[in-house]
Amino acid sequence: MIPLSYYLLLSGILFVCGVLGFLIKRNIITIFMSIELMLNGVNLSFVAFAAHWHALSGQVFVFFVMVVAAAEAAVGLAVIIAVYRTRETLNVDRVNLLKL
Amino acid sequence: MAGAINLLVQSHPINSALSLIVVMAALAAEYLLLGAEFVAAVQVIVYAGAIMVLFVITIMLLNAGAEERTKGSRVAILLGVPGVVIGAVLVAWTLLNRPNAQTVSIGALKGDPQAIARLLFHEFLLPFEITSVLILIAIMGAVVLASRPEAGARGARKDGQ
Numbered sequence: 000m001i002p003l004s005y006y007l008l009l010s011g012i013l014f015v016c017g018v019l020g021f022l023i024k025r026n027i028i029t030i031f032m033s034i035e036l037m038l039n040g041v042n043l044s045f046v047a048f049a050a051h052w053h054a055l056s057g058q059v060f061v062f063f064v065m066v067v068a069a070a071e072a073a074v075g076l077a078v079i080i081a082v083y084r085t086r087e088t089l090n091v092d093r094v095n096l097l098k099l
Numbered sequence: 000m001a002g003a004i005n006l007l008v009q010s011h012p013i014n015s016a017l018s019l020i021v022v023m024a025a026l027a028a029e030y031l032l033l034g035a036e037f038v039a040a041v042q043v044i045v046y047a048g049a050i051m052v053l054f055v056i057t058i059m060l061l062n063a064g065a066e067e068r069t070k071g072s073r074v075a076i077l078l079g080v081p082g083v084v085i086g087a088v089l090v091a092w093t094l095l096n097r098p099n100a101q102t103v104s105i106g107a108l109k110g111d112p113q114a115i116a117r118l119l120f121h122e123f124l125l126p127f128e129i130t131s132v133l134i135l136i137a138i139m140g141a142v143v144l145a146s147r148p149e150a151g152a153r154g155a156r157k158d159g160q
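If you're matching them up, the sequences are chains A and B in order.
If you read the first sequence in numbering that gives the first Met the number 0, its first letter stands for residue 0, the second for the next number, and so on.
If you read the second sequence in numbering that gives the first Met the number 0, its first letter stands for residue 0, the second for the next number, and so on.
Rather than coming from a laboratory, the hints here were simulated on the basis of the structure.
Please note: incorrect hints may appear among the correct ones.
As the list claims (entries may be wrong) - Cβ pair distances, simulated, as ranges: (1) A/Leu22 - B/Gln113: 40 to 48 Å; (2) B/Ala114 - A/Glu87: 46 to 54 Å; (3) A/Trp52 - B/Ala40: 20 to 28 Å; (4) B/Ala116 - A/Trp52: 15 to 23 Å.
On a predicted model such as this, the values are computed, not experimentally measured, just so you know.
C-beta atoms are modelled at their ideal positions from N, C-alpha and C, and glycine is treated no differently.
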């Protein structure tokens, strides 16, 4: 029997790592991976609560979160490729114009 | 968790991607421990399989190197790390000091595919259809964004001349 708080603690740590990476990283791909890390932290808390309350709908929501994450990764990486093609850089500090 | 910290520490994006795969695999094991077999399988297939392959291919395609340091990042680390540590300690203290902390038994809830499918196609049918539309839009957007802009640019140049 593992207390629910341990799962929530791990989930919070993953989310905090994602926020930290989002704020301090300069590479745009690493920033994207930090976003995925945040989504995974939320997923873990969803599954932990689903097991705790004996409600299966939490796992269905994890499924939806994964679908949204996949769509977001596909569109985001396409945006990254488009940005790299025009800017020749992956550093977010140098991407300061929205126009091509 | 070590993988998550490694993701932050590494400066080269391919190392970050590989440590993220470690995090995904560990989370899949956690889901299995919680009895969510279907979610664990989907985690391995979708995250560790599809999304990470997408990331690694993009890193390879763009030939990404190690990131360079800026003055702003040092200031962000100096200010951000104590703040994040304080926040994490507060969360941990709150969670671990709950007097009525309940426990989650391993494998308490059967997350078998049959039950999840019944829930997904009865109660959550409308969100399911909406996500399918979302996926379709995402596919079209990705194709439009990542395709080479030469065709449209050539037409515009011809108009300009």
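Verification of the supplied hints:
1. A/Leu22 - B/Gln113: 40 to 48 Å: With Cβ atoms ~42 Å apart, the hint holds.
2. B/Ala114 - A/Glu87: 46 to 54 Å: At roughly 51 Å between Cβ atoms, A/Glu87 and B/Ala114 fall inside 46 to 54 Å, so the hint holds.
3. A/Trp52 - B/Ala40: 20 to 28 Å: holds, 22 Å
4. B/Ala116 - A/Trp52: 15 to 23 Å: Given about 20 Å between the Cβ atoms, the range holds.
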